[in-house]
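From first to last, the protein sequence lines are chains S and A. Position one of the first sequence corresponds to residue 1 (the UniProt record's numbering), numbered consecutively onward. Position one of the second sequence corresponds to residue 1 (the UniProt record's numbering), numbered consecutively onward.
If you're looking for bench data, these hints aren't it; they were derived computationally from the structure. Source: prediction; values computed, not measured. Some clues are possibly wrong.
Keeping only pairs whose Cα atoms sit at most 20 Å apart, straight-line, the calculated EDC-like set for lysine to aspartate or glutamate is [to be verified]:
(1) S/186 <-> A/371
(2) S/376 <-> A/94
(3) A/186 <-> S/373
(4) A/376 <-> A/297
(5) A/376 <-> S/94
(6) S/376 <-> A/368
(7) A/186 <-> S/371
(8) A/186 <-> S/368
(9) S/186 <-> A/368
(10) A/376 <-> S/368
(11) S/403 <-> S/313
(12) A/376 <-> A/409
(13) A/312 <-> S/125
(14) A/312 <-> S/131
(15) A/395 <-> A/352
FRET-style restraints, in silico, Cβ to Cβ [unchecked claim]:
(16) A/325 <-> S/295: 53 to 59 Å
(17) A/325 <-> S/99: 49 to 55 Å
(18) A/131 <-> S/166: 56 to 62 Å
(19) S/295 <-> A/324: 47 to 53 Å
(20) S/126 <-> A/325: 23 to 29 Å
(21) A/403 <-> S/126: 32 to 38 Å
(22) S/437 <-> A/303: 37 to 43 Å
(23) S/126 <-> A/178: 51 to 57 Å
(24) S/126 <-> A/265: 42 to 48 Å
Note that the Cβ used here is the ideal one computed from N, Cα and C, for glycine as well.
Here is what each chain is made of, one letter per residue.
Number of protein chains: 2
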Amino acid sequence: MTGAHGPGTSAATPDPARRGTSRRRFLGGAAIGAAGLAAGAAAGVGLASAEAAPPVTAGQLAAQREAQTVPFYGTRQAGITTPQQERLMFAALDVTSTDVQDVQRLLGRWAALAARFTAGRPVSDSPGNPDAPPFDTGEAMDSGPYSLTITVGFGASLFDDRFGLADRRPAALAPLGTIPGDAVMKPAITGGDLCIQACADDPQVVFHAIRNMVRAARGTAVLRWSQLGFGRASATGAGQTTPRNLFGFRDGTNNIHADDTGGLDQHVWVSGSDQRWMDDGSYLVARKIRMEIESWDTDDLADQQRIFGRRKDTGAPLTGGTEFTPIDFHRTGADGVPVIDPHSHVRLASPEANGGVRLLRRGYNYTDGQDPDTGKLAAGLFFLSYQRDPHAQFKVLQTRLGKSDLMNEYIAHIGGGVWACPPGVRQAGDWFGRSLFD
Amino acid sequence: MTGAHGPGTSAATPDPARRGTSRRRFLGGAAIGAAGLAAGAAAGVGLASAEAAPPVTAGQLAAQREAQTVPFYGTRQAGITTPQQERLMFAALDVTSTDVQDVQRLLGRWAALAARFTAGRPVSDSPGNPDAPPFDTGEAMDSGPYSLTITVGFGASLFDDRFGLADRRPAALAPLGTIPGDAVMKPAITGGDLCIQACADDPQVVFHAIRNMVRAARGTAVLRWSQLGFGRASATGAGQTTPRNLFGFRDGTNNIHADDTGGLDQHVWVSGSDQRWMDDGSYLVARKIRMEIESWDTDDLADQQRIFGRRKDTGAPLTGGTEFTPIDFHRTGADGVPVIDPHSHVRLASPEANGGVRLLRRGYNYTDGQDPDTGKLAAGLFFLSYQRDPHAQFKVLQTRLGKSDLMNEYIAHIGGGVWACPPGVRQAGDWFGRSLFD
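Here chain S stands alone, though its shape is the one from the complex (with noise of 0.2 Å):
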């Protein structure tokens, strides 16, 4: 694996000289001065990894996690096989110019604002002219970066004939065609020319560096739809434990691991594809999934797990085990009918079912509050997912689940799009995507 960005990341070096006009403050004053607690931590493993690490104090450790940095520049972006925060924005934009250097000059402030906020810095080190705005809103002033992400995305509609991009559209990007099931998605909630990911182990972090980068696209681009996460739904980091999605079940348990280097390569990041631009780059999947949590509530346990193929208490396969052991398809019950049920999620979606086919995937749990039409909890999975070719992937599994999953009559694919994430931004001065444009 060639990006910088993989499940070892660094705690950022507090600098009192830099107190002044940083966004980080350590809680109570603690600071962090020996690279032994740095080392001890994994940004976003989770706080458990560092059992090993020498003992810290409660505000030490705050501070720690408060300040982690993953960092921005590299061959490939972050955010992808980071191992995953806790919180999410996600946004998608249209670009409301016609003029391709407008996008670029975007894609331009966006990646100098990205490096600021991911190493924990507002806009600008200056608060402005007084008879001015402000250059920060300010919300994160005296937060770290809790190992903020950003990730951006370029979809299908930017290579349409507005920017003289036509050809430099990859046929991955083509449109997906007809999957069973997509019909009810909302033209509002869906696509987007741009789209900009969020992660932190901090809400207003996340939010943060959203709203100042739609901010920063002000006469070039608006904002066209934008979630929240409120929880992570994957695991994607070596340590990290399996969540549970909103149907009680943990979800995702043989996802791609970040120390997965021949697993991500084969499956997340494109190579030698027909653009040779998205080289490094990975295509993200998003689906909003609206989960009918008071039916599903009402169905019986037993059922449930007929429709995972899991257990709901321990995760472990029906077949028998722990959560991660292997699940054997073709064991039959004494009635010779198979354990795990043929159209159970967990086989429709399995590598075995698809001809070996996977996805990183990299969800959030979310909710909408309620339905006004029904007055139910408006909740569900905000699916993320990065693979080397959508069609080859996240259609495949999509028309197979689509069509037989036996969750179905629980979701919906309301909302979502597809984008081509770029490979990384590699210094100060280059741009998002600088590639699609040489």
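Starting from the known structure of chain S, arrange chain A on it as the hints suggest.
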């Protein structure tokens, strides 16, 4: 203060015998054995306060924060003076039954559930019959309580002619009448016969609590509206720093703190009112305050600071000093003009300008994605306040603010309500608000 829910809270002691059925799981297998550790950190006060504690490992600390409990049973409800947790889910429900006994049974079920959830336990220790729906929805199955509190309130509409409670309605619950600026409150996100405020340091834990309590209401009450708060916007604990609102300012610097027993008795806890069942209760006034953040972001720094009456960076009053320096409202500049604008937010909301009136603020920043009409970020402050009498406190303050607060150009009160939060549930078998039905 006679309630059990002051700033001092206790860390739950792990009980290995309960692990099979408890939601509480210890990250990385860390056990919290030392009483010294439990005493070292106060729940919700932030980790900084534990700096003087003996060193702990990162894994122990994470487990400790997750395992932290706030006692549920007590003279007064928790979640009012409890040091404010990081995340909120709030729900307003309407009673659909016309049988007062159904309401009583619901309040009993809720008390039993709240006792379990705040101890990190699921709806039942048994998953239930495989052929029946699981007792618990499961999404918090592996999680500790994270300082969860559950606070229940009764809206004025509960005292209409349906349940024979009309003569038990406190004068304090009478309609607030016309308050300047309230014209745009939307009925769909205003009011409700009952409310539940769930606060914890983890969002999935608060979601789980609300979801399962709404589920337990089936047949008796339905969800009317709900709100997720992503970040703490007030400080109520003595050791907590004042967080920033989405205008980027520290707001509520002079909030009543949990250690100010005299202030709480004077301003927050009901005693000796016309309805004795409300003794040791408090009135919640909630307001969903939409902030026009894009407009705010175009205002210059000097004007933003004039509107607040404080500096944006430090939170210090414009008359100088640090955040907690008393404000000199009488000071004038060389030009004879008051340094703090008489219509600034800090002056109009001050006890000095309102005959000593104060509130306990307990709000959260929120975002609902984007406004469908304008494409702007739909975000703001979910203002929660507790007081002895909304007429003598919130109404007085908001009448002044609604009339002439310079901030009004940038905010709108779009929803909310008033609820009478009864005294605490004293012991197992009691209900929320049992004194109301005695």
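Hints violated by the structure (listed by number, smallest first): Going through the list in order, the structure violates hints 11 and 23 and respects the others.
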